[in-house]
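Protein chains: 2
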Amino acid sequence: MSETLIVQEVATRDGFQIEPVFVETAEKIRLIDALAAAGFSRIEVSSFVSPKAVPALSDAAEVFAGLTRRPGTVYVALVPNPRGAERALQAKVDEINLVASVSETHNRANMGMTPAASLEGFARIVETVRGSGVGVNATVATAFGCPFEGDQPVDKVLAQVERYRALGVDGVTLADTTGMANPRQVAHLVERVLPSVGAAGLTLHFHNTRGLGLANVLAAYQAGARRFDAALGGLGGCPFAPGATGNICTEDLVSMAHEMGLATGLDLAALIDLARDLPRLVGHDVPGQVAKAGRPCDLHPAPPLKAA
Amino acid sequence: MSETLIVQEVATRDGFQIEPVFVETAEKIRLIDALAAAGFSRIEVSSFVSPKAVPALSDAAEVFAGLTRRPGTVYVALVPNPRGAERALQAKVDEINLVASVSETHNRANMGMTPAASLEGFARIVETVRGSGVGVNATVATAFGCPFEGDQPVDKVLAQVERYRALGVDGVTLADTTGMANPRQVAHLVERVLPSVGAAGLTLHFHNTRGLGLANVLAAYQAGARRFDAALGGLGGCPFAPGATGNICTEDLVSMAHEMGLATGLDLAALIDLARDLPRLVGHDVPGQVAKAGRPCDLHPAPPLKAA
Chain A
1 MSETLIVQEV
11 ATRDGFQIEP
21 VFVETAEKIR
31 LIDALAAAGF
41 SRIEVSSFVS
51 PKAVPALSDA
61 AEVFAGLTRR
71 PGTVYVALVP
81 NPRGAERALQ
91 AKVDEINLVA
101 SVSETHNRAN
111 MGMTPAASLE
121 GFARIVETVR
131 GSGVGVNATV
141 ATAFGCPFEG
151 DQPVDKVLAQ
161 VERYRALGVD
171 GVTLADTTGM
181 ANPRQVAHLV
191 ERVLPSVGAA
201 GLTLHFHNTR
211 GLGLANVLAA
221 YQAGARRFDA
231 ALGGLGGCPF
241 APGATGNICT
251 EDLVSMAHEM
261 GLATGLDLAA
271 LIDLARDLPR
281 LVGHDVPGQV
291 AKAGRPCDLH
301 PAPPLKAA
Chain B
1 MSETLIVQEV
11 ATRDGFQIEP
21 VFVETAEKIR
31 LIDALAAAGF
41 SRIEVSSFVS
51 PKAVPALSDA
61 AEVFAGLTRR
71 PGTVYVALVP
81 NPRGAERALQ
91 AKVDEINLVA
101 SVSETHNRAN
111 MGMTPAASLE
121 GFARIVETVR
131 GSGVGVNATV
141 ATAFGCPFEG
151 DQPVDKVLAQ
161 VERYRALGVD
171 GVTLADTTGM
181 ANPRQVAHLV
191 ERVLPSVGAA
201 GLTLHFHNTR
211 GLGLANVLAA
221 YQAGARRFDA
231 ALGGLGGCPF
241 APGATGNICT
251 EDLVSMAHEM
261 GLATGLDLAA
271 LIDLARDLPR
281 LVGHDVPGQV
291 AKAGRPCDLH
301 PAPPLKAA
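In the order they appear, the protein sequences are chains A and B. Per full-length UniProt numbering: the first sequence = residues 1 to 308. Per full-length UniProt numbering: the second sequence = residues 1 to 308.
Just chain A, same shape as in the assembly:
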């Protein structure tokens, strides 16, 4: 059996949420259906947050209503609080992804409440969801560092993971929210979390803010992680770094995996086609490299010989 790497596509959530343009609902639906057809087993479609806070994703319910659900694809929505969870259940999501930061400052800035208050809300959400067949994933944001507080103690991260597990979630994501992680730190944290969460339930969410995204994937994979978030074209960004790259790029990650002999179940050529269409949707160039350079196997004709 070949080794496997599972990619969850997050471009229409973590990517679009930071774009100043509103991508039309029909375009979102068309893109997500095409991503599902390219083979994703998991797609984070949108976010049930306040439409005032994130107008780019104010059409989350309409997007879910318009999708052609592909058997074998889990359609996920990010949910910050009980009100969002209600809306997500009404929209018939397959899974909700709860998010709270380990950094108190980041959670207060991002969610308007303490991490403890976020976790209390999550307990109520899990109670509501229980028995509905809807999955629950929970994300530790700023797990590898906070842009306001800096390093976060590993024990605090582990404690949040254990509180998620005590709630009975199906999976846990460790998120490098603003791209502060490094490979040694990643290997260390994955080794600490895997024994309790297990490879089937652990997702790593990296940003390429400082160019280390795929190096961190490599370190996490070597430490036993198998599930990774990524955004088509490397969409996404960092509110503190104008011009910085965003999430790790799906097609670059998939190209790396395939070159290393890891199976993803994904059609890389189809992903490259979809990535090349992104500038039309968002109105600017995107950071992904493989869509510009082609796959390593896409060879070029030899140029005419030079005189010596």
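Don't read these hints as lab results, they were simulated from the structure. There's no promise every hint is true.
Given that identical chains are not distinguished, each listed pair holds provided it fits within a single copy or across any two copies.
What the hints assert, rightly or not - With a straight-line Cα cutoff of 25 Å, these simulated SDA-like cross-link-like pairs (lysine to any residue) come out:
#1 K52 to K92
#2 K156 to H258
#3 K156 to P301
#4 K156 to R295
#5 K52 to E27
#6 K156 to S196
#7 K52 to A302
#8 K156 to G261
#9 K156 to M260
#10 K92 to A270
#11 K156 to P304
#12 K156 to G201
#13 K156 to D298
#14 K52 to I18
#15 K156 to R124
#16 K156 to H300
Dock chain B against chain A, hints included.
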């Protein structure tokens, strides 16, 4: 003793050579002197190639003449043939870097001769240089794949390394000339080459053409490699991929190394300042990320609290 990673700066050679603008000689000298002051033990300054083939580097001799040589910095020049070696010796370089591709098609396209003819010329060069105190490094270009021929057999790469060693060179570089390498391939080749070349004599030269540059560094480091080429700002490029990134980015690499606890001897803040000045020199944005996002330790003030 802390672990160490040695970075050879190549922006003024591998970066500038592909720029359509001619960077003024005085600006080149100022930049190289500033790079030396930032702590580089090795800088590839320029290339003694045909000025007609690479007009951007036609001032190689003037640049060498204008440098303020810093004790402890080795000033290197790329040299493709005996004529270039003569010019390099006249310019009082500390070390010459010979380059031939393992791919016959690439060497004919790039150098106008077969790899065998390149190696014959190198033998004459080494004879000339012997006893002069000038060092000799030799590079295997397209060691991880050729954009015309595709994969190159490992045995062919190893044979070229052994021919370099038989010439009596001081060091060998394995170059991923157009960014086709992947981490598994890198680990495998480094493991094969290290026993004969040794970590002190082996340099890895990666391009970030498909986003894997720093992942490849990580894999090479884990396999025992310690010396890496990198270009300030991620300058450089690929003639087959307009818009693709170039060499791995010096300041991103150094940030990764320092975050991992590896010593480089380099002043990262000074490198970031120099990288931020590059768009003025080359007339366009550059791909490096840390110069945009800041170091992970460069924290931000917490924003005002949101209402829940």
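Tested hints:
no., hint, verdict
1, K52 to K92, "within (22 Å within a copy, 65 Å between copies)"
2, K156 to H258, "between (35 Å within a copy, 24 Å between copies)"
3, K156 to P301, "between (55 Å within a copy, 22 Å between copies)"
4, K156 to R295, "between (41 Å within a copy, 23 Å between copies)"
5, K52 to E27, "within (21 Å within a copy, 49 Å between copies)"
6, K156 to S196, "within (15 Å within a copy, 46 Å between copies)"
7, K52 to A302, "between (55 Å within a copy, 21 Å between copies)"
8, K156 to G261, "between (36 Å within a copy, 22 Å between copies)"
9, K156 to M260, "between (34 Å within a copy, 21 Å between copies)"
10, K92 to A270, "neither (27 Å within a copy, 53 Å between copies)"
11, K156 to P304, "between (61 Å within a copy, 24 Å between copies)"
12, K156 to G201, "within (20 Å within a copy, 43 Å between copies)"
13, K156 to D298, "between (46 Å within a copy, 22 Å between copies)"
14, K52 to I18, "within (13 Å within a copy, 47 Å between copies)"
15, K156 to R124, "within (22 Å within a copy, 63 Å between copies)"
16, K156 to H300, "between (51 Å within a copy, 21 Å between copies)"
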